[in-house]
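K.L.:
In order, the protein sequence lines correspond to chains A and B.
Everything in the first sequence is counted per the numbering used here, starting at 5 for the first residue and increasing by one.
Everything in the second sequence is counted per the numbering used here, starting at 2 for the first residue and increasing by one.
To be clear, the hints were calculated from the coordinates, so they are not data collected in a lab.
Glycine included, every Cβ here is placed at the ideal spot set by N, Cα and C.
Mixed in with the good hints there might be a few duds.
Said to hold, decoys possible - Have a look at the derived ranges for each label pair, beta carbon to beta carbon:
#	chain 1	residue 1	chain 2	residue 2	range
1	B	Ser121	A	Lys61	41 to 47 Å
2	B	Asn136	A	Lys528	25 to 31 Å
3	B	Tyr80	A	Glu487	51 to 57 Å
4	B	Tyr80	A	Glu255	51 to 57 Å
5	B	Asn118	A	Gly249	58 to 64 Å
6	B	Ser121	A	Leu193	49 to 55 Å
7	A	Tyr519	B	Asn118	17 to 23 Å
8	B	Lys122	A	Glu487	32 to 38 Å
9	A	Leu132	B	Ser121	49 to 55 Å
10	B	Leu53	A	Pro138	31 to 37 Å
11	A	Glu487	B	Asn118	40 to 46 Å
12	B	Leu53	A	Asn84	52 to 58 Å
13	B	Lys122	A	Gly632	33 to 39 Å
14	B	Tyr80	A	Ala537	18 to 24 Å
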Amino acid sequence: MNRIGVFVCHCGLNIAQTVDVEKLANIISDYPGVVYATNYIYMCSDPGQDMIKEIVKEKKLNGVVVACCSPTMHETTFRNTVASVGLNPYRCEIANIREQCSWVHKDKKIATEKAVEIVKATIEKLKLDKSLIPLSVPITKRALVIGGGIAGIQASLDIADSGYEVVLVERNQSIGGHMLQLSETFPTLDCPQCIATPKMVQVGQHPKIKLLAYSEVEEVSGYVGNFKVKIRRKASFVDWNKCTGCGLCVEKCPVRVPSEFNELLVKRKAIYTLFPQAVPNKPVIDSNNCLYLTKGKCRACEKNCLAKAIDFNQKDTFVEEDVGAIVVATGYDLMDKAEIGEYGAGKYKDVINGLQMERLLCPSGPTEGIPHRPSDGKIPKEIVFIQCVGSRDPEHYYPYCSKVCCMYVVKQAMLYKNVVPDGQAYVFYMDIRCDGKGYEEFLQKGMEENKILYLRGRVSKLFKDGDKIKVWGADTLTGRKIEISADMVVLAMAVVPSKGVKELARKLRITADDYGFLTEAHPKLRPVESLTAGYFLAGAAQGPKDIPDVVAQASGAASKVDSLFSQDVLYHEPIIASVDEEVCVGCGNCVDVCAYDAIELDLRTKKAKVNSAVCEGCGACCAACPSGAMQHNNFSKRQIFEMVDAFVR
Amino acid sequence: MDNFEPKIVGFLCNWCTYAGADTAGTLRIQYPPNIRPIRVMCSGSVDPAYVLWALLRGADGVFIGGCRPGDCHYVNGNYKMRRRVTVLRSILKTLGLGDNRIWVKWVSTSEGKIYANTMSKMTAYIKELGPNPINKYWSI
Ligand SMILES: Cc1cc2nc3c(=O)[nH]c(=O)nc-3n(C[C@H](O)[C@H](O)[C@H](O)COP(=O)(O)OP(=O)(O)OC[C@H]3O[C@@H](n4cnc5c(N)ncnc54)[C@H](O)[C@@H]3O)c2cc1C
Ligand code: FES
Chain A
5 MNRIGVFVCH CGLNIAQTVD VEKLANIISD YPGVVYATNY IYMCSDPGQD
55 MIKEIVKEKK LNGVVVACCS PTMHETTFRN TVASVGLNPY RCEIANIREQ
105 CSWVHKDKKI ATEKAVEIVK ATIEKLKLDK SLIPLSVPIT KRALVIGGGI
155 AGIQASLDIA DSGYEVVLVE RNQSIGGHML QLSETFPTLD CPQCIATPKM
205 VQVGQHPKIK LLAYSEVEEV SGYVGNFKVK IRRKASFVDW NKCTGCGLCV
255 EKCPVRVPSE FNELLVKRKA IYTLFPQAVP NKPVIDSNNC LYLTKGKCRA
305 CEKNCLAKAI DFNQKDTFVE EDVGAIVVAT GYDLMDKAEI GEYGAGKYKD
355 VINGLQMERL LCPSGPTEGI PHRPSDGKIP KEIVFIQCVG SRDPEHYYPY
405 CSKVCCMYVV KQAMLYKNVV PDGQAYVFYM DIRCDGKGYE EFLQKGMEEN
455 KILYLRGRVS KLFKDGDKIK VWGADTLTGR KIEISADMVV LAMAVVPSKG
505 VKELARKLRI TADDYGFLTE AHPKLRPVES LTAGYFLAGA AQGPKDIPDV
555 VAQASGAASK VDSLFSQDVL YHEPIIASVD EEVCVGCGNC VDVCAYDAIE
605 LDLRTKKAKV NSAVCEGCGA CCAACPSGAM QHNNFSKRQI FEMVDAFVR
Chain B
2 MDNFEPKIVG FLCNWCTYAG ADTAGTLRIQ YPPNIRPIRV MCSGSVDPAY
52 VLWALLRGAD GVFIGGCRPG DCHYVNGNYK MRRRVTVLRS ILKTLGLGDN
102 RIWVKWVSTS EGKIYANTMS KMTAYIKELG PNPINKYWSI
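Bound conformation, chain B alone:
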């Protein structure tokens, strides 16, 4: 258990969070390597099915990053995503997959530090939480 390294799949919106993650790089801020970033145009394009898929395939955590409220490049995609995630969380709970494996965070282009901090916190949190039960008990 001690050397459990969680796999976290990240959906980063192109205009803010992905650019914020780039900023973390430009500033050389170090953070745990567990995140596997997937660039999407907007957090509002993240289909709940992506999150479910990732969890069913064994990801230990899913991160969704979007622009800050009011800053979505496409007006309000981030709000749409937030609404969908709220619904999704309740479904995940019923499925016993835990709603706390999905993290949503607004990260703007300049907020490399916030991105890096979020990655550190989320990785530590998921480590504490342990592996995705799918991997252990469901064996699919």
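So that you can see chain A by itself, here it is in the shape it has in the complex:
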């Protein structure tokens, strides 16, 4: 016997404005199986929930439908409400009459009719809902952090300091990320190397952190609390256990190729460390450029290595790690200059990007902090910065704001003026957005004290004119055309997600937006979690941001991991597949279709068996089952048929 209660929420006016909530409750009170129906202004408020509890007890309800907002908002809320008075939480269903009804329709009569049908269909589903009990599974209290930029470093340290083990996987040979490439950091102008290297060293020495540099995630299986991760340790051709880090090999290597760390401004060797403060500070051999590995001759490094650490036979190896949570902190890259035809398509040496300028301004960089332009090494006297290149340009490139450019451009112009006092810096901008703490003050200081000339407008074209770069732009505030003969131009290129992130997201089964930035479970309320349970997001991988925001988010992600690990068992959703052994004919369709290897065919009994801890509850096997033996808990075929009937009959 069904004793169902229906609770219709007004959501202030959000629902009540377009759906006649009174009428809805009235109609529904006569529906078969319903013993009580009412409406209230805010069902999710304390008095609203208290009312539900009272009525569940008073009317001895065995099922509850709350007609309100989307289940993603309050399903858990109301399930907890009914559970607190002894009703099985899975006997509570949400009828979404806000997001998919009152908010998208204006006509009150039509919206009310539709709401009635939605509630009726939900009641039909509820009638057949089973009382389910969540499965409990143990949690492996170890975390994997992917990416060792400042985000990954902070997250690893926070988790490790709370006492849990961390495996940190970084694809480069050292951790540090982009922060280590920067000159000084806004808004305080402290040296990033000085503030980041102590943290890097801490990571390297922390007893709870296992640092796997020069490694990548190959495969992930399992689920929250119980992931199995296969990690590829790329061949470095150097036995890091033997290597003392003396650097003789690097000195002797005859090969010179552009250095990625220095943004291709200068050359590095084929055997190299990333930068002097690297952690771990061990070299790798770049197999694409090593003479021995490409042409079979040279071996200069091997001959000179006293520790006998060079090993040309090294192969990629794999390690497996068991972890309970995964933090993704894969960071960002800059959009390629070559994509912007009107700014020289990357062909002009003296048109550089923001990170190249950082290297030129960095006291420990290739020009020791005094910018020399790439073409001929001259110190530029007229320098033009162009903001928003590729950003905020939905027609051609990316619609979003890259967030850090306004601030680093004023920083770079200030640093430039410090070392080239007789130089002139021009900045072309669309808007200036300096919204952080101390940021506006930083901007004003930069503009006033350094006489940086800010010009509001777009640059239409750049072209080479002798040894200068001609900049054609407009100042939209004065309406003048502007032409500058610049010695060097810095393009604030759009910030984009780091290479390969979409493939990685696919492997991890987490989602990314159109551009590849990882999507959070909720933009406001769950900003550091992914929708897939057990995954957390940190840093620029989730969207462009500066270091203060990155660090805050990384600590947020770490504390989410900590709170997950503070439990001993994890409860697994019981909305999974189950087999009716009587009906199963052992065809094995379900086994083939399962993406998680959660179903086995018992060879002896010829019946399918679901591993309930592994089943994710997608329902694919149920759709594939020809006999109807495989059913999706609380999404059974009968339930769907009844819902369809409530709608169309």
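We have chain A; now place chain B with the ligands onto it with these hints.
P.N.:
For chain B with the ligands alone, coordinates are given in the frame of chain A:
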């Protein structure tokens, strides 16, 4: 005929299309009211029998919404669904129910606008097509 308001039953996957439909709501994008949404965990759980059932019971159209290729929360449920629907379409044709009453669309969480547009287009299309012949001729 002019005031024919089709009934469209929708199967929306929990992780993308259902959330995309919610996004349409959050953005207050208006669309025709004809869709009757049923939330399923994944488009890959949509049994062809659901579609047949809906059509035999008189629905004028069936909409299936899943995550975009490669984005299915359960790896590849959306591909499984697409394969099943292809087979189902040919069966429907033989039955004379018309294969063009089933619409499949990938709608991601952020694509409220695409969801709303699809609903407008599909409703207009089914209006043009007329009611499900079951209702008119089969009288079951
Ligand atoms: C020109 C410029 C100037 C800037 N100046 C400032 C400033 O002055 N002040 C400020 O606050 N911010 C500044 N920023 C922003 C700052 O660089 C970022 O906020 C910060 O570096 C982001 O850190 P992250 O750890 O999220 O990403 P990253 O620094 O990009 O680190 C990501 C790490 O993950 C690794 N990785 C990527 N993919 C994988 C994978 N698949 N597997 C394993 N490892 C992977 C990468 O190798 C890298 O080590 C500037 C940015 C730019 C472009
Ligand atoms: S979860 Fe959306 S289609 Fe599978």
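K.L.:
Looking only at beta-carbon atoms, does the pair Glu487 of chain A, Asn118 of chain B fall within the given range of 40 to 46 Å?
P.N.:
Given range 40 to 46 Å: holds, Cβ gap about 45 Å.
K.L.:
Can you tell me whether the CB distance of Tyr80 of chain B to Glu255 of chain A sits inside 51 to 57 Å?
P.N.:
At roughly 54 Å between Cβ atoms, Glu255 of chain A and Tyr80 of chain B fall inside 51 to 57 Å, so the hint holds.
K.L.:
Tell me if the beta carbons of Ser121 of chain B and Leu193 of chain A are separated by a distance inside 49 to 55 Å.
P.N.:
holds, 54 Å
K.L.:
Can you let me know if the beta-carbon spacing of Leu53 of chain B and Pro138 of chain A is within 31 to 37 Å?
P.N.:
holds, 34 Å
K.L.:
Just to be sure I understand the hint, the distance between the Cβ atoms of Tyr80 of chain B and Ala537 of chain A should be within 18 to 24 Å; is that true here?
P.N.:
23 Å Cβ-Cβ, so the 18 to 24 Å window holds.
K.L.:
Does the Cβ-Cβ separation between Lys122 of chain B and Gly632 of chain A fall within 33 to 39 Å?
P.N.:
Once the Cβ atoms are compared, 34 Å apart, the range 33 to 39 Å for Gly632 of chain A and Lys122 of chain B holds.
K.L.:
Is it true that Leu53 of chain B and Asn84 of chain A lie within 52 to 58 Å of each other by Cβ?
P.N.:
For Leu53 of chain B and Asn84 of chain A the Cβ distance comes to about 38 Å; the hint is violated.
K.L.:
Okay, Leu132 of chain A versus Ser121 of chain B on CB: inside 49 to 55 Å?
P.N.:
Since Leu132 of chain A and Ser121 of chain B have Cβ atoms about 33 Å apart, the given range 49 to 55 Å is violated.
K.L.:
Can you tell me whether the CB distance of Asn118 of chain B to Gly249 of chain A sits inside 58 to 64 Å?
P.N.:
Check passed, 60 Å falls within 58 to 64 Å.
K.L.:
For the hint 17 to 23 Å, verify it against the beta carbon of Tyr519 of chain A and that of Asn118 of chain B.
P.N.:
Taking Cβ atoms as reference, Tyr519 of chain A and Asn118 of chain B lie about 22 Å apart, which means the hint holds.
K.L.:
Kindly confirm whether 51 to 57 Å is satisfied by the beta carbon distance between Tyr80 of chain B and Glu487 of chain A.
P.N.:
The hinted range 51 to 57 Å holds for Tyr80 of chain B and Glu487 of chain A, with Cβ atoms some 55 Å apart.
K.L.:
Does the beta carbon distance between Ser121 of chain B and Lys61 of chain A stay inside 41 to 47 Å, or does it fall outside?
P.N.:
With Cβ atoms ~46 Å apart, the hint holds.
Hints 2, 8, 9, 12 from the earlier list are contradicted by this structure; the remaining hints agree with it.
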